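K.L.:
Each chain, letter by letter, is given below.
Protein chains: 2
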Amino acid sequence: MAEKYVYMFKEGDGTMRNLLGGKGANLAEMTALGLPIPQGFVVTTEACTLYNKSGRVMSDEVKNQIDAAIAKLEQIEDKKFGDAQNPLLVSVRSGSRASMPGMMDTVLNLGLNDVSADAMAKSTGNPRFAYDNYRRFIMMFSDVVIGVDKHKFEKVFSEYKEKVGAKEDLDLNGDQMKEVSEIFKKIYRDDQGRDFPSDAKEQLYEAVCAVFRSWDNERAFIYRRMHDIPYEWGTAVNVQAMVFGNMGDDSGTGVVFSRNAATGEKEIYGEYMMNAQGEDVVAGLRTPKPFAELKDENPRIYDEFVKWCDVLEKHYKDVQDMEITIERDKLYFLQTRNAKTTAAAALRIAIDLVKEGLITEEDALMKVDAKQLDQLLHPVFDEAALKKATAIGKALGASPGAACGKVYFTSEDAEAAAERGEKVILVRSETSPEDIRGMQVSEGILTVKGGMTSHAALVARQMGTCCISGCEAIKLNEAGKFFTLGGNTYKEGDVISLDGTSGVVYGEAIGTVESEISGDFATFMSWADKSRRLGVRTNCDTPEDAQKAIGFGAEGIGLTRSEHMFFDKERLPKIQVMILAETTQERRKACDDLLGFQKEDYAGIFKAMGGLPVTIRLLDPPLHEFVPKSDQEFEILAKLTGKSTTELKEKSHALHEINPMMGHRGLRLAVSYPEIAEMQTTAILEAAIEVQNKGITVKPEIMIPLTCDTKEYNFVKSVVEKTAKEILSKSATKVEYMIGTMIEIPRACMLSGEIAKEAEFFSFGTNDLTQMTYGISRDDAGKIMVDYLERNIFEVDPTARLDQIAVGELMKISVERGRKTRPDLKLGICGEHGGDPSSIDFCHRLGLDYVSCSPYRVPIARLAAAQSAIADKRGEALVSIG
Amino acid sequence: MAEKYVYMFKEGDGTMRNLLGGKGANLAEMTALGLPIPQGFVVTTEACTLYNKSGRVMSDEVKNQIDAAIAKLEQIEDKKFGDAQNPLLVSVRSGSRASMPGMMDTVLNLGLNDVSADAMAKSTGNPRFAYDNYRRFIMMFSDVVIGVDKHKFEKVFSEYKEKVGAKEDLDLNGDQMKEVSEIFKKIYRDDQGRDFPSDAKEQLYEAVCAVFRSWDNERAFIYRRMHDIPYEWGTAVNVQAMVFGNMGDDSGTGVVFSRNAATGEKEIYGEYMMNAQGEDVVAGLRTPKPFAELKDENPRIYDEFVKWCDVLEKHYKDVQDMEITIERDKLYFLQTRNAKTTAAAALRIAIDLVKEGLITEEDALMKVDAKQLDQLLHPVFDEAALKKATAIGKALGASPGAACGKVYFTSEDAEAAAERGEKVILVRSETSPEDIRGMQVSEGILTVKGGMTSHAALVARQMGTCCISGCEAIKLNEAGKFFTLGGNTYKEGDVISLDGTSGVVYGEAIGTVESEISGDFATFMSWADKSRRLGVRTNCDTPEDAQKAIGFGAEGIGLTRSEHMFFDKERLPKIQVMILAETTQERRKACDDLLGFQKEDYAGIFKAMGGLPVTIRLLDPPLHEFVPKSDQEFEILAKLTGKSTTELKEKSHALHEINPMMGHRGLRLAVSYPEIAEMQTTAILEAAIEVQNKGITVKPEIMIPLTCDTKEYNFVKSVVEKTAKEILSKSATKVEYMIGTMIEIPRACMLSGEIAKEAEFFSFGTNDLTQMTYGISRDDAGKIMVDYLERNIFEVDPTARLDQIAVGELMKISVERGRKTRPDLKLGICGEHGGDPSSIDFCHRLGLDYVSCSPYRVPIARLAAAQSAIADKRGEALVSIG
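Protein chains in written order, with my numbering: chain A, 27 to 908; chain B, 27 to 908.
I should point out that these hints are in silico values taken from the structure, not numbers from a laboratory.
Since the model is a prediction, treat every value here as computed from it, not as a measurement.
Some hints here could point you the wrong way.
All copies of an identical chain are treated as equivalent in the list; a pair is satisfied when it fits inside any one copy or across any two copies.
Said to hold, decoys possible - Once the Cα atoms are required to be at most 25 Å apart in a straight line, the calculated PhoX-like pairs of lysine-lysine come out as:
| hint | residue 1 | residue 2 |
| --- | --- | --- |
| 1 | 292 | 397 |
| 2 | 737 | 420 |
| 3 | 675 | 655 |
| 4 | 669 | 809 |
| 5 | 677 | 655 |
| 6 | 838 | 737 |
| 7 | 600 | 809 |
| 8 | 507 | 655 |
| 9 | 89 | 675 |
| 10 | 677 | 517 |
| 11 | 507 | 669 |
| 12 | 420 | 677 |
| 13 | 737 | 809 |
| 14 | 507 | 677 |
| 15 | 675 | 809 |
| 16 | 381 | 838 |
| 17 | 397 | 655 |
| 18 | 79 | 783 |
| 19 | 89 | 36 |
| 20 | 212 | 507 |
| 21 | 748 | 333 |
Start from the sequences and build out the full structure, keeping to the hints where you can.
P.N.:
Rendered as structure tokens:
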């Protein structure tokens with residue numbers, strides 16, 4: 027028996043994706059549910075492979091099977107293909123296993139010819155409609171299927187309109203459209219040297235072959251090569267009967283949700299329009315009616331819809347977003363899919379579905395996009411105002427939320443404006459630690475350079491402040507205090523708005539509204555906590571942030587960057603003295619001056635965390651980040667140190683590095699200047715003793731950053747250990763502390779077996795690990811990422827979502843080797859990826875103990891961790907999330 | 027039967043390293059050869075383990091065996107331990123399997139007490155000598171074995187000398203020395219509460235136990251942890267009879283080479299001094315005599331020496347460097363080792379040894395340190411002048427050779443001085459591509475910053491110019507045109523000298539002499555070429571360098587950096603126009619202007635290489651390296667482009683990157699601006715066609731730099747391939763070209779299986795790969811490396827010698843995955859490691875096809891490759907080389 031190359035929708039189901047393609051399998055699934063959908067059939071991916079392998083000839087077997095399917099379809103639809111009375115028209119669409127751009131576009135109204143167009147004009151009583159469809163079909167078929175240049179048609183059409191004095195297409199009547207279709211057929215004849223095919227079957231074979239060939243075109247070839255899609259997969263072809271909502275007052279179109287997508291309330295919610303097609307609703311020619319009114323206008327259709335709506339919700343176990351068409355008083359479903367809703371609605375619906383017994387708590391957890399929780403924690407734009415606004419630029423959405431304010435270009439100006447009560451947007455080429463105070467008072471931050479883990483992005487996320495980074499299209503004049511973007515110039519004090527989620531910049535004021543956290547949120551998060559295995563900690567540097575993070579459910583601190591505490595006005599000169607010290611003695615003295623401050627900082631955090639573990643990273647950044655820049659600063663230092671400003675400037679200059687990210691930073695500082703590590707260890711242990719004496723258990727985890735070598739780590743560990751033992755030997759209080767390291771350099775991954783001999787914990791610093799593994803600086807990634815995402819080279823920014831291929835393999839190597847040496851090695855992640863759902867899923871599968879992220883991402887991490895645990899238990903891959 | 031814990035030298039041999047330690051095994055080996063060496067015995071490493079495991083008590087068994095060994099030694103030496111007449115004195119030294127600092131120092135003259143010192147005074151007729159030895163022994167034993175503070179002895183000794191009016195030790199006579207020894211014994215008694223041990227056996231047991239305990243001290247513990255030496259190894263103890271060359275005119279000492287170490291001539295060569303000890307020769311109290319004179323002075327001893335000298339050369343099959351002592355007309359060998367010689371001597375000796383039938387050609391190849399060949403290709407200091415010179419600083423020996431000249435601080439000043447006929451040393455904080463012309467005219471280059479692969483180091487090695495980099499101790503005032511180092515200030519025009527091999531800076535003129543390449547060199551290198559499997563290519567950017575490299579034996583070009591051709595005065599403005607272009611159209615026009623130059627460059631190189639393969643890397647460095655800096659440059663560009671200087675400066679500023687090494691460079695440029703890759707490909711193929719038409723085969727290998735992703739590589743490969751096909755389709759000439767990539771980013775190593783599907787060759791860019799794997803910038807490595815080498819964290823600089831642990835594992839992963847996908851994948855290395863012997867050995871074992879290095883390193887690479895192949899064939903590890 028011959029192979030089966032053609033399946034009626036009725037013959038398939040949702041599992042037959044490989045053979046029928048994604049679209050075909052979905053149409054079959056809906057048919058199986060009994061839904062009224064325009065029927066049709068699928069020519070399989072195997073037919074495509076056969077066609078392209080056998081010299082691009084369609085076999086008679088395939089043709090015969092298509093003919094048989096058309097015959098069945100004619101029977102179902104009670105119409106006849108190419109008929110002069112009641113013609114069957116079809117759409118033809120490509121549909122491969124994976125969604126693939128570069129494949130053939132849709133051809134509508136296939137089956138039209140002179141006689142069937144005439145029949146359509148008569149049956150609809152609307153010749154203009156019929157011939158408009160016909161001339162469109164001729165052009166679409168000629169262009170998409172045959173490859174005649176579209177512009178030839180467009181040019182002639184413009185000339186025709188001019189000739190008859192028509193401004194728009196709508197000004198043409200039926201006769202004129204008919205005349206256009208005649209002219210179009212002539213264009214085809216002149217170009218191809220033969221008549222436009224009037225035989226419906228011939229049209230169909232040609233269209234199916236064109237879809238098959240499009241699998242083999244260059245765009246598809248490149249796309250497949252880039253995405254590793256095997257040539258053998260091939261594409262299927264979907265042939266489906268046309269239905270029309272614009273056939274009169276007994277026809278219509280609608281878009282309907284099974285529940286309210288904004289609030290989550292259980293009510294059918296949507297719009298419809300009679301005697302119209304979907305496009306008309308979009309074009310806004312008339313105002314559609316609320317769907318509820320259909321109940322009065324056509325209760326039979328309304329009731330039928332409600333019945334199917336219920337079937338779909340029960341089948342897909344989720345709120346549905348449906349497109350329908352009514353043709354001559356008959357209801358058709360064109361599409362259904364799980365609806366996109368607001369975060370608040372998503373939570374409510376998920377909880378309601380559990381209450382209705384439709385899904386379990388775990389199912390509910392799997393339904394909500396973890397990233398969407400951001401909406402609940404940050405301001406969002408007023409929707410009405412947003413619709414009217416015009417975007418002037420788009421860059422990286424580095425920290426979510428919506429912000430609106432006046433632009434300022436320096437930290438000082440921003441502070442001054444905020445003191446005057448203004449709402450501020452800070453615009454900088456890039457930010458550095460000395461901008462912290464300006465960032466704190468801003469509603470939003472916009473930078474020209476830098477990627478998803480640039481300084482601005484990191485700090486903004488930690489503060490919960492909206493931020494867009496890497497907006498390279500900006501021409502910034504910092505001195506002149508203005509910038510140009512999207513053709514306009516924005517001066518100091520001008521108002522702009524930022525969408526930190528999408529990365530879109532608006533050159534005008536858009537109102538924002540605060541999100542409200544409802545009781546649903548607490549219920550939902552408690553379910554998440556029951557399901558997850560991964561711990562969730564936070565990255566934070568102050569007692570205030572620690573409080574906030576505990577409110578969001580953090581179970582400890584995974585990263586405290588001790589250097590972030592150094593930018594206070596009072597402290598900065600003291601650390602500058604330390605940095606510019608020429609001798610160990612000078613440096614030791616400067617460290618002594620800093621000890622009190624550090625101790626106070628750590629004590630504050632230990633108290634705020636009330637017994638939860640706190641990981642403190644020793645001094646990490648390149649020293650010259652702290653170096654004085656203004657003459658005034660140098661003069662202050664000259665007084666403090668008794669050195670000349672010339673001498674101090676020379677020393678500062680000597681600290682300059684060409685690639686500071688790979689320079690004298692991290693534990694390299696402690697190797698060169700062990701006295702700094704001694705001072706910090708002393709501060710940590712003395713603070714711990716002090717707080718523990720007040721009855722709060724303290725569990726400091728001292729973290730050595732940037733390890734790339736075993737001996738190097740051991741050197742610094744010895745310094746820390748010796749100091750800690752000395753401090754503890756002088757006190758009656760016992761403090762349980764750990765010493766471990768960041769794993770953030772590729773070499774440390776390879777050496778993890780050795781390093782774990784001495785390190786009690788590893789924390790993956792995936793920001794740096796990603797930088798080094800890719801060789802891409804997060805500070806300079808802006809332009810690169812924009813180009814790479816635009817050219818589809820990167821699907822996602824690897825600084826935002828963990829690259830599971832290479833960075834992931836390095837982490838895997840590290841985990842395996844580390845745990846082999848030390849089975850109870852504590853493993854966490856404190857890079858920014860710790861707050862990204864798909865990265866969290868990877869961490870779960872890797873067997874880490876916890877993830878750590880900025881306070882505002884803690885709820886996202888809790889949900890994502892739960893989703894990973896559930897998927898893991900179910901043996902599923904978490905393809906859909908994040 | 028009890029375990030054997032003590033071996034007489036006669037009972038051991040060179041293979042018993044684990045049991046007897048390195049030193050003990052060597053003494054046994056020489057004894058086995060029949061050499062007259064002061065006899066003795068070894069207490070084994072197992073005795074050490076036993077001691078430390080059993081609560082630090084020496085077992086009776088060990089004591090008994092030591093007693094027995096002493097008895098045998100007394101018999102051999104015909105002396106008696108602790109005797110009042112003819113006392114046997116011994117030295118006690120530690121000696122573990124691996125050489126280990128932090129272990130116990132030597133104790134000499136053990137066995138002395140009041141009576142044996144008296145006997146010694148009588149037998150030598152020199153009481154001062156006897157009691158000087160005695161008081162030294164008391165102090166050494168008290169300090170090293172017992173741990174009495176040495177300063178107590180030193181203080182008292184000073185006071186005594188002052189009291190008797192002696193300026194130096196030498197002013198004290200025998201009686202006074204005897205008095206000092208009495209005082210020393212009292213110090214011991216006061217400190218320890220018991221008398222200084224007068225029993226020789228007791229002294230010996232104590233000393234042996236002290237060596238055992240030193241295995242367990244903190245310094246040794248840290249060292250072992252750092253070097254992964256198991257605690258279980260333990261240390262052995264060597265007990266050896268003392269001999270004295272200062273016992274009268276029938277005694278003496280000498281240092282002798284079996285051949286001339288400077289020229290390699292076959293003649294006994296050395297110095298001796300009668301009635302003296304080794305230290306006296308070093309101290310230069312008297313002038314030693316040429317060893318040949320001993321033939322007249324004591325023909326019997328001379329002949330005996332010559333006989334043993336011959337035995338040693340035949341045994342070790344190499345030129346020997348020997349220390350001898352004559353005690354009372356009896357010859358003793360204290361030590362022999364393979365001699366260090368000049369490179370010229372090493373070649374001559376190796377070739378002579380082959381001629382003499384002592385070794386094979388392959389043995390000869392294994393004897394010469396490949397790195398030493400550098401000496402033959404670069405100037406060296408005049409030895410006499412060097413001896414008198416004082417070092418003022420030491421940093422990284424970045425490019426070998428010796429240089430002397432006047433210091434200049436800018437490229438322009440250097441050029442002007444060179445035109446005046448001066449010899450120039452260029453001193454810079456760091457160099458950048460625009461310094462090239464200044465570097466070309468300089469004898470030597472000295473930089474404050476940067477490591478072994480900094481710009482200065484790379485370019486200097488390629489030019490064969492001496493260079494010292496990372497001299498952080500320099501305080502450089504570029505504006506004032508002076509620097510301070512070693513306490514002195516050097517102004518423009520002052521003369522300094524640089525040793526680019528050792529990294530030492532001298533603040534004065536030292537004459538240099540050119541090395542001469544003899545016929546031995548050609549013979550030797552031809553043997554190397556017969557043995558090696560690895561190909562050797564060169565990294566070079568000009569036809570002149572290509573010529574030079576072919577002269578050194580290069581078999582192709584492994585890396586041409588196309589950007590190095592852009593710094594010509596005529597071309598720089600044109601590339602600057604390209605870089606500052608705002609639109610694709612502008613950029614394409616600028617590329618067109620560059621095409622002719624590039625084509626000319628490539629054609630020149632293709633011709634020079636006369637048919638050998640040439641790998642050309644597409645534009646790699648961050649664009650802002652080329653950006654104009656001076657107002658004058660901006661004005662030239664303003665004229666060329668019709669833009670304002672303000673506009674051009676803004677654009678230049680926007681190109682600035684924070685970490686350019688991980689910024690918008692490499693193939694990222696080609697992704698953003700494919701027109702640059704198109705232009706370069708066009709130039710390569712058009713040049714290839716032109717040269718091929720002249721009858722010279724051209725094999726261009728187009729290399730895409732900095733790949734970190736498969737799609738990214740494929741994107742750029744498509745641009746190159748499409749352009750190449752277009753060019754070739756227009757020509758009748760066929761050109762065989764390849765397209766491949768650098769592997770220099772950790773991620774590319776992990777993805778090698780995928781990348782090899784599309785890449786025809788890989789070239790490991792281990793400079794960048796090392797940077798990324800360690801997270802250390804080569805431009806900023808100077809300070810880090812100095813600190814790390816000083817603290818013994820790094821044994822070698824990983825930018826100079828390939829890190830086989832992590833960088834090596836990444837390369838291994840890449841090779842395995844790449845060859846799995848494409849078994850005939852061509853593999854090379856073009857990082858600086860390609861010229862380092864141990865790195866070359868690693869590349870050999872990894873199965874690479876070739877190494878590529880700067881022209882002056884080509885001979886080193888040829889020899890190193892041969893050594894690897896021989897070692898591989900012999901199943902040996904190449905531990906000794908490079």
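K.L.:
Determine for every hint whether it applies to the structure shown.
P.N.:
Status of each hint after checking the structure:
1. 292 to 397: within (24 Å within a copy, 81 Å between copies)
2. 737 to 420: Classified as between: cross-chain Cα gap 24 Å, same-chain 46 Å, threshold 25 Å.
3. 675 to 655: For residue 675 and residue 655, the Cα distance is within 25 Å both inside one copy (9 Å) and across copies (22 Å).
4. 669 to 809: Classified as between: cross-chain Cα gap 23 Å, same-chain 42 Å, threshold 25 Å.
5. 677 to 655: Both, since 12 Å and 24 Å are each at most 25 Å.
6. 838 to 737: both (22 Å within a copy, 23 Å between copies)
7. 600 to 809: between (37 Å within a copy, 23 Å between copies)
8. 507 to 655: So residue 507 and residue 655 pass the 25 Å test inside a copy (20 Å) and across (24 Å) alike.
9. 89 to 675: Neither: 84 Å inside a chain and 66 Å across chains, both beyond 25 Å.
10. 677 to 517: For residue 677 and residue 517, the Cα distance is within 25 Å only across copies (20 Å; inside one copy 37 Å).
11. 507 to 669: Between copies only: 22 Å across, 35 Å inside.
12. 420 to 677: between (41 Å within a copy, 20 Å between copies)
13. 737 to 809: between (38 Å within a copy, 18 Å between copies)
14. 507 to 677: Cα proximity of residue 507 and residue 677: across copies only (17 Å, versus 31 Å in one copy).
15. 675 to 809: Between copies only: 19 Å across, 33 Å inside.
16. 381 to 838: neither (40 Å within a copy, 57 Å between copies)
17. 397 to 655: neither (40 Å within a copy, 46 Å between copies)
18. 79 to 783: between (58 Å within a copy, 23 Å between copies)
19. 89 to 36: within (20 Å within a copy, 97 Å between copies)
20. 212 to 507: neither (61 Å within a copy, 83 Å between copies)
21. 748 to 333: Result: close neither inside a copy nor across copies, 75 Å intra and 58 Å inter.
Violated hints, in rising order: 9, 16, 17, 20 and 21; the structure is consistent with all others.
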